[in-house]
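Student: Model the full structure from these sequences, guided by the hints.
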Amino acid sequence: MSNLNPSPKAAPVTQQPKASAAAAQPITPVAGFGRIPVTNVSPVVEGGNYPAKAVAGEWFPVRANVFREGHDAVNATIVLTAPDGRRVDFSMVQQEPVGLDIWEGWACADVEGDWTFRVEGWSDPWHTTHHNASAKLQAGMDVELVCLELDDVIQRAAANAQQAGDEVQATVLKASAALMLPERPPHELLEALNASALSRAMTIYGPRELVTPTREYGLRVDRRLALFSSWYEFFPRSQGAWWDEEKQCWHSGTFNSSHERLEAAAQMGFDIVYLPPIHPIGNAFRKGRNNSLTPSEHDPGSPWAIGSAEGGHDAVHPDLGTIEDFDAFVAKAKSLGLEIALDFALQASPDHPWVTEHPEWFTTRLDGTIAYAENPPKKYQDIYPINFDNDRDGIYRESLRLLQFWIGHGVTVFRVDNPHTKPIDFWAWIMSEVHKTNPEVIFLAEAFTKPEMMHALGKVGFHQSYTYYTWRNTKWELETYLTELSRESAHMYRPNFFVTTPDINPAFLQSGNPAAFSIRAILAATLSPSWGVYSGFELCEHEVFRPGGEEYLNSEKYEYRPRDWKNHQPNLSMLIGRLNEIRKEHTALHQLRKIDFHHAPHDQVIVFSKTDGEDRVLVVCSLNPWDAVSSEVYLDMSKLGLDQHAVLEVHDELGGGTWTWGARSFVSLHPGNPAHIFRVTAK
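The opening residue of the sequence shown carries number 601 in our numbering; numbering runs sequentially from there.
Keep in mind that the hints were calculated from the coordinates and are not lab data. Check before you lean on any hint, since a few could be wrong.
Unchecked claim - Cross-link-like lysine to any residue pairs, in silico, SDA-like; alpha carbons within 20 Å at most:
#1 K934 <-> G869
#2 K736 <-> L781
#3 K1157 <-> E974
#4 K979 <-> R1087
#5 K1283 <-> A1246
#6 K979 <-> F885
#7 K1022 <-> L1000
#8 K978 <-> S892
#9 K1283 <-> S1265
#10 K1239 <-> W659
#11 K979 <-> L966
#12 K979 <-> N891
#13 K1194 <-> R1087
#14 K1166 <-> R1178
#15 K932 <-> A866
#16 K1283 <-> Q1244
#17 K1166 <-> H1142
#18 K1194 <-> D1243
#19 K1157 <-> H898
#20 K1194 <-> E1214
#21 K979 <-> L893
#22 K1075 <-> R1087
Claimed, not checked - Label pairs and their computed distance ranges (CB to CB):
#23 D1164 <-> F690: 53 to 59 Å
#24 N794 <-> W1071: 51 to 57 Å
#25 H1251 <-> Y996: 51 to 57 Å
The beta-carbon is built from N, C-alpha and C at its ideal position, and this holds for glycine as well.
Tutor: So this is what it looks like as structure tokens:
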């Protein structure tokens, strides 16, 4: 039987003290929400794997959700870090409805380079104290305690101002704190609390507690031409082409005979001249006029069928001249303030040196032949696509070598042909490598394809892209599309509104009506900060190869097209030149993100404004090239940064004339004068 009584000889049991909390291991916070949660930060590209886009001097929005437990106030700040480590702060403001905890601010990077940004959420003692003090003073409650709390938070702000060397604001804050005396009537304390001078000083120097930063996100700040540019495209082989009466054929123009076209482009105010491929053209399966399979011996072939015995992508077509002639052409362009954009088309004719030197770079079909490009039932027998998976390293290195070769010859811009038919990870690598050595180089994606692919190309580094503008003609289509471009995708996809291309003869223009050409030029030049013109547009070239199609008759892709620039009528060169002048005069037209649409009841009158600080541009444009249209115009003055009852002076930069407008006005437009581009000032 067990003895339940303790032995009298047993030593007393001594209980060991538990380890104190201070001696325990430090608590490691769980990854995720910080002390002040900040979520849904934008602009962030693919989780931060790629940088968001901006250009030097461009204002861009940053948004996030910022909140906390309880009822104390929070606030948020955008922090930009420059390439040299310099910190630049921008305030954020809570958006309506406040219950959604959405904060937004606009930031601006002042120099080019690779920046980062983050959002800092923080507890805001000033607004917490201000809210509580307002409620209590209105009720006459806890006046002595309220004054103590106000004095404390204002004095802390004064110390911040003093530390920053801002003696003026420090003095304002100290004087404001001295007014928080419990002996004063509550209504006088409320007046002091809500003084504008105090509010301004506290916005700058109010204390910040529990500051919680997000991770750093990339921000690539390009030179301004990446966002704002005017492009002009022409074929050097057509410029200066001459007719041989004896042989009854055309002879190619040259780089040297194209200097005159450079001068014309500069006179029209363009920034960039883009050349289709300038390389040797293959003979095998060469295309004849109008894309026929039976060329004559004098047909020049498609410039996109690159490569022959005379060389490949690092050679120039001998009909155009020598590499020295090209260098002189680039130098001439630079002397006129122009930059040269070269076509970068990664494909080869069957005669390209790659075909024999690197057959592994192509796809060999089961019958042993090399696969040519096709989009059944269409076939492009004169072009072999590259297979990027057969010799990844070799193709990547050769592509980079080619770009560096032409950069070495003064090319600063590349228009990339069909980039959506090449792997995205290839472009990500190319863009990264070129940026390391030549961050000034700009790439335009010629990608008319699905939205996800077009956006992906922008995300990995393409500076600009062709767009769906060519097929957006109605007011609803244009307003919807521009809202998407300016609000949803501007941080990673910059549009370039080419009015036409050698591949696209839009239905809107196929009548040849000069008013239709004017309307599309005016819209492209004002809706988008970058726009482009394919030569012949100014002459209203419009004949279509097949009814219902978009191919030009006698397409310049397959033949020489010399033009009579001096005598041909109609000629819109003066209009185009004036549009580029207006664009350069108004910084509001240099940007994409601040475009707003206003109401015109007529469905063929579109009204929109662009603003940049005090620069305000208002465009009223007819969408009807055949008939006169009249409409009332209802302006949302808040979108112009003005009071709804403001009186405006609107000066038409396009046609001349000045009028006084209010929020409600009236316009009458006709084919000979289809638009107003107003400079807007408040009277």
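Student: All hints are to be evaluated individually against the structure, with a verdict given for each.
Tutor: Hint-by-hint comparison with the structure:
1. K934 <-> G869: Given that 20 Å is the threshold and the Cα spacing comes to 14 Å, the pair holds.
2. K736 <-> L781: holds, 15 Å
3. K1157 <-> E974: Since the Cα atoms of K1157 and E974 sit roughly 17 Å apart, the hinted pair holds (cutoff 20 Å).
4. K979 <-> R1087: At roughly 39 Å apart (the allowed maximum being 20 Å), R1087 and K979 break the hint.
5. K1283 <-> A1246: With Cα atoms ~8 Å apart, K1283 and A1246 stay inside 20 Å; holds.
6. K979 <-> F885: The given pair, whose Cα atoms are some 11 Å apart, holds under the 20 Å limit.
7. K1022 <-> L1000: holds, 14 Å
8. K978 <-> S892: holds, 12 Å
9. K1283 <-> S1265: holds, 16 Å
10. K1239 <-> W659: Holds, at about 16 Å.
11. K979 <-> L966: holds, 18 Å
12. K979 <-> N891: It holds: about 11 Å lies between the C-alpha atoms, which stays within 20 Å.
13. K1194 <-> R1087: holds, 9 Å
14. K1166 <-> R1178: Holds, because 18 Å separates the two Cα atoms, which is no more than 20 Å.
15. K932 <-> A866: holds, 11 Å
16. K1283 <-> Q1244: OK: K1283 and Q1244 at ~13 Å, within 20 Å.
17. K1166 <-> H1142: Within the cut-off at roughly 19 Å; holds.
18. K1194 <-> D1243: Given that 20 Å is the threshold and the Cα spacing comes to 18 Å, the pair holds.
19. K1157 <-> H898: holds, 14 Å
20. K1194 <-> E1214: holds, 13 Å
21. K979 <-> L893: Answer holds: K979 to L893 is near 10 Å, not above 20 Å.
22. K1075 <-> R1087: holds, 18 Å
23. D1164 <-> F690: 53 to 59 Å: Roughly 54 Å apart at Cβ, these two residues keep to the hinted range, so it holds.
24. N794 <-> W1071: 51 to 57 Å: holds, 54 Å
25. H1251 <-> Y996: 51 to 57 Å: holds, 53 Å
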